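Student: Now for the letters of each chain:
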Amino acid sequence: MAKRIGIFVCHCGINIAGVVDVERVAKEMASYPGVAFSTTYQYMCSEPGQNLIRQKIEEENLDAVVIAACSPSMHEETFRNVCGEYFNPHMCEMANIREQCSWVHDSEEATEKAFKVLKATVEKLRGNEDLEPIFVPVEKRCLVIGGGIAGIQAALDIADAGHEVILVEKEPSIGGRMAQLSETFPTLDCSQCILTPKMVAVARHPNIKLMAYSEVIDISGYVGNFNVKILKKPRYVDEDKCTVCGDCEDVCPAIVPNEFDMSKKARKAIYIPFPQAVPSTYTIDREACLGLAPLACAQCKEACEADAINYDMQPEIVEEKVGAIIVATGYDLYDKERLVEYGYGEDDDIITSLEFERMLSASGPTGGKIIKPSTGEEPKKVVFIQCAGSRDRKHMPYCSSICCMYTAKHAMLYKHAVHDGEAYIFYIDIRATGKDYEEFIARVMEEERINYIRGKVAKIYREGDKIVVWGVDTLTGKKVEIKADMVVLAMAVIGREETRDIAKLLKVAVGEGNFLKESHPKLKPVEALSRGIYFAGCAQGPKDIPATVAQASAAASKVLAMFSRDKLEKDPMVAVVDEEHCSGCGICISVCPYGAMQRQPNGKAKCIEALCEGCGTCAAACPSNNIEMKNYSDSQIKRMVEVVI
Amino acid sequence: MSFEPKIVAFLCNWCAYAGADMAGTSRLKYPGNMIAIRVMCSGRVDPEFILEAFEKGADGVFIGGCHPGDCHYVSGNYRTRRRVEMMKRLLEEMGINPRRLRLEWVSATEGQKFARVVKEFVEEIRQLGPSPIKKEEAI
Ligand SMILES: Cc1cc2nc3c(=O)[nH]c(=O)nc-3n(C[C@H](O)[C@H](O)[C@H](O)COP(=O)(O)OP(=O)(O)OC[C@H]3O[C@@H](n4cnc5c(N)ncnc54)[C@H](O)[C@@H]3O)c2cc1C
Ligand code: FES
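First to last, the protein sequences are chains R and H.
Under my numbering, residues 1 to 645 are what the first sequence spells out, in order.
Under my numbering, residues 646 to 784 are what the second sequence spells out, in order.
Mixed in with the good hints there might be a few duds.
[What the hints assert, rightly or not] Taking lysine to any residue pairs in the SDA-like style, the calculated list, with each CA pair at most 20 Å apart, reads:
#1 K524(R) to N658(H)
#2 K507(R) to Y723(H)
#3 K701(H) to E448(R)
#4 K517(R) to S720(H)
No wet-lab data here; the hints were simulated from the structure.
All of these numbers come straight from a predicted model, not from anything done at the bench.
Chain R with its partners taken away, still in its complex shape (with noise of 0.2 Å):
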């Protein structure tokens, strides 16, 4: 049946009828075909101008609606809302003559377009159809890849309000960097200290189940229900009967650095990686043990009074079903072996700031002691370099944003342990936007005597037992040298190598630096394009502990909204395969970016509504034209072409 469409063109003030005739637009079309009545109004998206289009509708028996106004980025859901109340909502189009027309055209331009805007989208209008909204089921568990302190927050956060979590770690213990720093910033506590509490929350809870020492190796399916598929790795130690007494580690003879001090410390190939790891258990390397099968040791075997190791553990792949995921898997430190242009070469005296932070941690390899890496002495002038890869052109342009912070901590904790050592800042500017950053930094240069030099670093090269630095301090124009026992360089954060493959199993993008890409820089920075995905911590970007833990929770906020209803609304206007005709020949299933064309039985394709996020694609690739996109069909797209020229 024929469609008694109705226009409404809208005034917005002088915004619109300043520039177009819109009288003449609205008089012209109303004798347009399909148009059953066309008005004008000062401002259709008022209340008034929402009453007018009920009052219309009602009067003259409309059944479509054409806005003409701003951009459907603005108000098509408002003028759909009304629609909805007297018809389907897809039954409501809006004619873009502001931001495309009246804003940018001269008068008569404007108008002579804003005809041809109006045409195109009645035309469209007349080819749609009544939609209605497709439900999709919510498996109410969230998957939390990752478990430094955005993993944990998020699962706790996701897990207290009553929802099971699954929380995957690739190492043998949740923490992340977090358990790796000494003590934090602005208020200096612990990090371990604020840390550990969280982290035996997570082994505790009943609604978390942690699959430490485990990895993501496959992602299926959609928002609300997706399958993934989780391999164990095989610890040999038996979590459950561990005890941590640390019988077997005193007789393993395999040594290897421990990668939790940077390697800067050793460990056995049965180990902890630190004493509060989580969950509490030895784990034994298979690199590193001097052969499991055939065995070829067996000391620590024989040592375990509990009877906890077992060498023939046997990889697992656990497959889940659930229905969110919050990627959570941090950062890793630019390779400082990639600064070339300082010139050195391998300096035990040149470390980065996560091994300085090891090296200030009462835990750590020194005990907290600050020592000159070569000698084991007290370094008595340390250099610290801020911006080490970050904002350079030939490295990583952006800023890494915790440096500034952490440096000025770095040096303040040095100073108060070697209280006539002297220490330099090199740095570019100084950025400390947190909440009491300012003050802190105000503190460290005023209270401890610490040299800020405003420059870039030239060259770094050793002479004798000391390094030299070169550089410029711009603030006076003059070359500076300082020959230093230590310097610590405050290498750039870039997302994880990891991450990257994660990305992958979950098609969502990835940008400079290996960070996840979120769906909007500002509304939507937690959320991944698709949907039911979503991102916590540095994995999104360089951030502080009080951004990453502000971040899981907002992460998690999201999958519990999610998790409130008990169907999923989506986007109606997907694709539509023409069974009858398709010829099987498989290219939408190969170009679909969802994985939502899919082979049937008998050959043939076939659109899983859940999964199309309706692009398209798949539309203008089948050979014999037979997909059509739901209310963006290829005849809707040609009568606008057609009406448009």
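Assemble the complex: chain R is given as a structure, and chain H with the ligands must be docked to it using the hints.
Tutor: This is chain H with the ligands only, laid out in the frame that chain R set:
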């Protein structure tokens, strides 16, 4: 009367259409010869739509999508890039100057770029003159 080019544009909803809105919000003037049809993704643009436009008398066809890597639907714009390359060759064979088909990446923030490329394109088509297909019809 001087020649006024008729141009059809297909703009993806997430980047190019939003970029065109941004040009409006920034009140950047550009010629009104081009009318936009909003599609969800540039990957929706069927080569048939381009042919249809030329057949119906368009002097130029413009496709606006997200920058490579930024497509809202992951990879639609890569398909578009390939299709446009193919279409340019086809147009050439048909005797239509391939410059009459233009693909541009415009992000939601690039109002300036949108206004600039529209100006350029309209100017280019003006130089090229009316589409040969239209001339044939006129004869
Ligand atoms: C030198 C230095 C000093 C700092 N000092 C401070 C400070 O004083 N105050 C402050 O507020 N902030 C400080 N920070 C910042 C702080 O470290 C971060 O904000 C915080 O650790 C980020 O936590 P996260 O959970 O996002 O990432 P991470 O701590 O990196 O955690 C990510 C976790 O995910 C795991 N993971 C990665 N990939 C996978 C995978 N594929 N599967 C499963 N698990 C995976 C990792 O093993 C890790 O456990 C400092 C940073 C540095 C470099
Ligand atoms: S959404 Fe813009 S090109 Fe795909």
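Student: Look at each hint and say if it fits the structure.
Tutor: Here is what the structure says about each hint:
With a CA separation close to 17 Å, the supplied pair K524(R) and N658(H) stays within the 20 Å bound. The straight-line distance between the Cα atoms of K507(R) and Y723(H) is roughly 15 Å, inside the 20 Å bound, and the hint therefore holds. Taking the CA atoms of K701(H) and E448(R), the gap is near 76 Å; set against the 20 Å cutoff, the hint is violated. Simply put, K517(R) and S720(H) have alpha-carbon atoms about 15 Å apart, close enough for the 20 Å limit, and the pair holds.
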